[in-house]
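Put the two chains together into one complex; each comes in its own frame, and the hints tell you how they fit.
In order, the protein sequences belong to chains A and B. According to our numbering, the residues represented by the first sequence are 1 to 406, in order. According to our numbering, the residues represented by the second sequence are 1 to 392, in order.
Don't read these hints as lab results, they were simulated from the structure. Take these hints with a grain of salt, some might be off.
Using 30 Å as the maximum straight-line C-alpha spacing, the simulated DSBU-like pairs for lysine-lysine come out as follows [claimed, not checked]:
no.: 1; chain 1: B; residue 1: K290; chain 2: A; residue 2: K8
no.: 2; chain 1: A; residue 1: K12; chain 2: B; residue 2: K290
no.: 3; chain 1: B; residue 1: K285; chain 2: A; residue 2: K12
no.: 4; chain 1: B; residue 1: K285; chain 2: A; residue 2: K8
Per label pair, the in silico range of CB-to-CB distance [stated by the list, open to error]:
no.: 5; chain 1: B; residue 1: P70; chain 2: A; residue 2: A200; range: 20 to 26 Å
no.: 6; chain 1: A; residue 1: A234; chain 2: B; residue 2: A111; range: 17 to 23 Å
no.: 7; chain 1: A; residue 1: R284; chain 2: B; residue 2: K285; range: 33 to 39 Å
Glycine included, C-beta positions come from ideal geometry on N, C-alpha and C.
Now for the letters of each chain:
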Amino acid sequence: MTDTAYQKLLIKRYAAERRFRAYGAIALILTSVFLLYLLVDIVRKGWPAFVEHHAALEVTLDASQIDKANPAAADYLAIVKDAWRNQFPDLSSRTDRKQLNSLLSQDAAENLRQQVIDNPGLIGQTVKADVLLSDDADLYFKGLSQESDTTLLERLKKQIEITRHISWRLLTNGDSREPELAGLRGAIVGSLLTVAVALALGLPLGIAAAIYLEQFALRNRWTDVIEVNINNLAAVPSIIFGLLGLAMFLNLFGMPRSAPLVGGLVLALLVLPTIIIASRAALRAVPPSIKEAALGVGASHQQAVFHHVLPLALPGILTGAILGMARAFGETAPLLMIGMVAFIADVPQSFTDAATVLPVQIYLWSDLPELGFQSKTAAAIMVLITILFLLNGIAIYLRKKFERRW
Amino acid sequence: MTLWPLLAITVTVIAAYLFSSRRAIALRLNNTGSFHSLPSYHGLLAAISALLAGLAAFVLLRQFAAFSAPEVAAAAGVIAIAAAALPASKVGATFRARPAFEAIVLAVLIASSVVAILTTAGIFASVVFESLVFFREVGIFEFLFGTHWAPTGTPPAFGFIPLLAGTFLITFIAILVAAPLGLFSAVYMAEYATSNVRSVAKPLLEMLAGIPTVVLGFFAALTVAPFIRNWGEAVGLNVASESALAAGLVMGMMIVPLISSLSDDIINAVPQALRDGSYAMGATKSETIKRVVLPAALPGIVSAVMLAVSRAVGETMIVVMAAGLAANLSFNPLDAVTTITVQIATLLVGDQEFDSAKTLSAFALGLVLFFFTLALNYIALRIVQKYKQQYD
Chain A
1 MTDTAYQKLL
11 IKRYAAERRF
21 RAYGAIALIL
31 TSVFLLYLLV
41 DIVRKGWPAF
51 VEHHAALEVT
61 LDASQIDKAN
71 PAAADYLAIV
81 KDAWRNQFPD
91 LSSRTDRKQL
101 NSLLSQDAAE
111 NLRQQVIDNP
121 GLIGQTVKAD
131 VLLSDDADLY
141 FKGLSQESDT
151 TLLERLKKQI
161 EITRHISWRL
171 LTNGDSREPE
181 LAGLRGAIVG
191 SLLTVAVALA
201 LGLPLGIAAA
211 IYLEQFALRN
221 RWTDVIEVNI
231 NNLAAVPSII
241 FGLLGLAMFL
251 NLFGMPRSAP
261 LVGGLVLALL
271 VLPTIIIASR
281 AALRAVPPSI
291 KEAALGVGAS
301 HQQAVFHHVL
311 PLALPGILTG
321 AILGMARAFG
331 ETAPLLMIGM
341 VAFIADVPQS
351 FTDAATVLPV
361 QIYLWSDLPE
371 LGFQSKTAAA
381 IMVLITILFL
391 LNGIAIYLRK
401 KFERRW
Chain B
1 MTLWPLLAIT
11 VTVIAAYLFS
21 SRRAIALRLN
31 NTGSFHSLPS
41 YHGLLAAISA
51 LLAGLAAFVL
61 LRQFAAFSAP
71 EVAAAAGVIA
81 IAAAALPASK
91 VGATFRARPA
101 FEAIVLAVLI
111 ASSVVAILTT
121 AGIFASVVFE
131 SLVFFREVGI
141 FEFLFGTHWA
151 PTGTPPAFGF
161 IPLLAGTFLI
171 TFIAILVAAP
181 LGLFSAVYMA
191 EYATSNVRSV
201 AKPLLEMLAG
211 IPTVVLGFFA
221 ALTVAPFIRN
231 WGEAVGLNVA
241 SESALAAGLV
251 MGMMIVPLIS
261 SLSDDIINAV
271 PQALRDGSYA
281 MGATKSETIK
291 RVVLPAALPG
301 IVSAVMLAVS
311 RAVGETMIVV
321 MAAGLAANLS
331 FNPLDAVTTI
341 TVQIATLLVG
351 DQEFDSAKTL
361 SAFALGLVLF
371 FFTLALNYIA
381 LRIVQKYKQQ
391 YD
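Just chain B, same shape as in the assembly (with noise of 0.2 Å):
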């Protein structure tokens, strides 16, 4: 279905490119005036008009299927040899070739950089609208303020707090994890590190960085959730197999390289004269750290912090696979406690009815899991900008 009619249009677009530049250079040998654009422009704008009219007829007519894919193809080809006969016909020692393909060029681009917004616009409206026909059926405050969730129970209740709950159980673990591990990881590789140990440990965090989600999650629920459960039950606590101590813990491992690597930048920001400073009134270099380099560079890391916490809030399939599915307002990190993700993972995976409020409470999970990133990022943001020390 898609073979052919982009066969066609690939040589139309070759030939249009080949008639017109040839052409071009015809008319330039006989003429000996001067020629405005070069051959090759002549045959790049055929060639482009060619393709952009030839998608543009591929995509609209894909849409019936009343076509057969040879019809299509040919139409595609017809249009676009259409399309390059305009500026074809016009090649001559007057005709704006270069300007015209220019123009189009910079259309081109425009629009691949509005694509960006078309899909943030495309995000917001897709979870809005499935949100608000949740919200037609579920009141709004009963969602936002109630405290138990049980989408698939009889009657179906939708109350978001256990999940926010368990969302913020095991982000606030994996922070605890990560930002005393990445913070330190940072400092030791900005200021004692010696270049070799960088060349080893950089790569590492890299790598750990570069792990897939799922093998992290696969890892949290087969290795450390029933190392942490028997370690538990030799002490003689009760823990869940699917604790929230195991979700964060490697939740907070991920975010490691993250901090780390923003703070590393922060760190290497602070001018070296402020640490000189320092050293001349006596100071160590752990006290310069602490005293001069950590308090300059302290609006960076806390934006770091905060985009480390969106991005836990936002995970999903270490959680999906290593925490619970059950919604308890619990704060028991040995507990299993769900998060929004997991919800919206496990209510979209599988039969999908658009009329129920099961599968509409999804979308507005997600709503609110867009607006607490965004909202995060925007505050990262903030600080940043606020708190930025002008040097020099």
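If we strip away everything but chain A, and leave its shape as in the complex, we get (with noise of 0.2 Å):
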């Protein structure tokens, strides 16, 4: 092979060599990228679900309307409404005024009610009320309104005054029809009940399994098929595990529908194999001198596992049962089967209320065509993947932080 034909060949390869590197980080900024403008997307969708618009309204307290001796059964909204009318009198058509009503909140008087019962003695006085706006009225301030006709809108802007307040009420108000009102805190609180019941159910038993399966099964083929079962069950969609809640749980044992007892058990059983398989894992990475020192100054068998194994493989245990924890959080499929996605408005008070959970909720706001709940769905969202990041940090530090060389 002559010199030049032989440089030629040598740079074709070396191209080559540069193409295939470039592929590979080519596929990883992709995956970067995609997991990036995800993140972005969402927040970007999400945040005007953190903000809330109010109207400070001149509102006369008529002492006729308001029971001075009881000042919490009054009807603070027809008050509210009367004074938002009073504000745009040449609006007095049928349409104007359910067009103007279309943009108080149901609730747009609770701000009152709570100053006049904490404080009788507004009755009779004009105050400025703090009164929500609706979904519509907080889309258009917030710049996100579809609306074609914004003339009333506009007026509204000049007339009154408008502020921006944080919306607490994403966190603590429960479900609701409608998109301002509505909250998380019962999905939370479900959530929170579920993931309870998974693991008070699902950590011992998977700990119980690992140490049985790595400490004193014998290698037979018992041990071998529920291994092979194990391996296999981590492999199971979690629809299925849905479908097994439905026919046992429900159908079978009749346990009642929507429940974070029954949510929590087949999630218990869902991140059962994940559990098995991170304590497994950890126990053997404990090594066996120390069970044998144990064994050789007279321990029995479980003294020497339980006292000296175990200990030193909690950390690792714990990793896992954390991740198990997250995969929990996230699930959804298995829960629809279960009943548990019915609208649910009250904030569940014990392991048998009707309960949803916060993925769930995802799923459901996601569903409804109001385009307020688009960008409530996002913010769930990000409440959702902050708790699971909290967790996977919680989970890496306590790896870092007890990773032992041996």
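Dropping the structure here:
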């Protein structure tokens, strides 16, 4: 081969080398870009749900409408609506008034009501009430409105002082049909109850199974069957666990529908393989010399395992448990099967109340046609992802802190 | 209903431990000879007897609505005390409390590991029994080979082929996205990346793996699908608003971390000696990867892709939110198709009548899905076992 031909070949081979390397980098970059774009897109869609708009409305608290002895009984919404209409005396036709009313939330008078109950001396005076605007008006002031006719809203902006507030309602309210009132409290409490059940069952069971398989089980057919079983279970689609919950727990055992108890049971079975596999890895990482030393000074087999091996494996087991918990927090499909998808406005009080969970709430809201729910959905996703990142962060921190080279 | 009985059991368990261990200590102080078990084991034996008996009583009594919470609490407490009384009465120098306690603990450990088998059996039983009822109404051949799926139509049709086609179409798109991305990322991370790049890229991939599928479904339905639709219309294509392409793309991105982390492990397991041999022959890095490392890692990579397929087939939320409901028999990625999991989810959400073929068909679909994923996992496992290279 001549020198130039060889040089040419070499150049070609080096070019191929650079190309191949670039493919790898491009694959990684594409994946990262996808993830970042996903997160940015969610935040961009979700941030408007963290603020809400109020109007500062002059309201005359007429003593004839509010009983001084029992200020809680008065119809504040009617008072606010009257004051609202009085601000626009020229709009008197039925359609105009309807449109005006549609700019107020159903809960518009809540602040005023609280104000008067706290301080009954206000009755008879004219006060500036802080009234919550409806979703339509709120979206307009956020610049998200798709309404074509905004003359009334523009007038409102000039005539009445509009203020922006952080919407704590998103975290403190239960679910609602009205976008401006819907909150995540019920879903968050439901998630906590459900995951608590899943963890209370899945964690002891998983750790016990892992200890047995890793430390006590004899290498025989029966153990092989259990091991193959656990690996298969880890790969069964989550929706199948929902079928199990529906057919067994609900139909056969007659447990209540939509309850965190049943959801937790299903999720416990779902994360059981994850916890077992992680715990076994943690137990295996403890060097056998530790156990042998304990046995050597006369400990029984169980004393060696429970007093010496298990404490050393505990950080690893805990990391696995937190990752399992993160998975349980984000799981949706099996919970749809056992009826945790109903519209539930109340915050669940016990493990057998009808409840929904955060991911299912996201699914429910994403299905609603109102534009306001779109940002609520994204905001709920932000809350969920924050929880998951926190959990994963704790797991990584624990792993780093207790990581031990033997 | 649950608080009082559990409280009663807890109190009994603590009391049983304290009573038995104190008694053992007292006896031991008076006794000069050897004492078989440590006092704490006498306590633990009494406590675990009380706990197991109390919990069993509680679970059994709960089944009868006739008993009120205080009654159940009292009964569970009495039974727990009775169970603790036996070991407590035997506390003494010769009583072998530790072996007895350890035998119970071992039994509990074995029972916990059997839960996994019970779960599989439970899944199997629930899908099979309901499916058998379904197949009594709808012929099994009609189900497996029918080309029309309309469970709510009049008359209802339960032909499974369109769902299978839809599932395959979306899975195919997903693997088409995920296999190259995941594999190239893994190769880059294992062979080229500096430790700095790895320390950024690995957490990013783990983060992507940890994003709940309902979030990806929202993203697919609200961002990716409209994007594809607009882009398709700009070039004059007719794109359904719930196109298979959008769901498949996002599902592919979901699977990338799975393929890349599995492949990464496999590529790292290829011994350095093979690479060094190739370099010594004058091969470049990419030639070594293509001709030596990847062929050696191939069985593992194939099994990783099979696991990815099984994950894609069983994935629910992305397709529920981003794919369609109508069962079109189509292989055009721009059409709306439906999948097995979508149908299971939609058939079982809302009103369920367990005597109608509509509801039961979901269990037949579940049965198919269960066996399909099991078969994929089994094949993946066998490939690794069969072609596993023994180095050194």
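Hint-by-hint comparison with the structure:
{"no.": "1", "hint": "K290(B) to K8(A)", "in the structure": "holds (21 Å)"}
{"no.": "2", "hint": "K12(A) to K290(B)", "in the structure": "holds (16 Å)"}
{"no.": "3", "hint": "K285(B) to K12(A)", "in the structure": "holds (14 Å)"}
{"no.": "4", "hint": "K285(B) to K8(A)", "in the structure": "holds (18 Å)"}
{"no.": "5", "hint": "P70(B) to A200(A): 20 to 26 Å", "in the structure": "holds (24 Å)"}
{"no.": "6", "hint": "A234(A) to A111(B): 17 to 23 Å", "in the structure": "holds (20 Å)"}
{"no.": "7", "hint": "R284(A) to K285(B): 33 to 39 Å", "in the structure": "holds (34 Å)"}
Every hint from the earlier list agrees with this structure, and none is contradicted.
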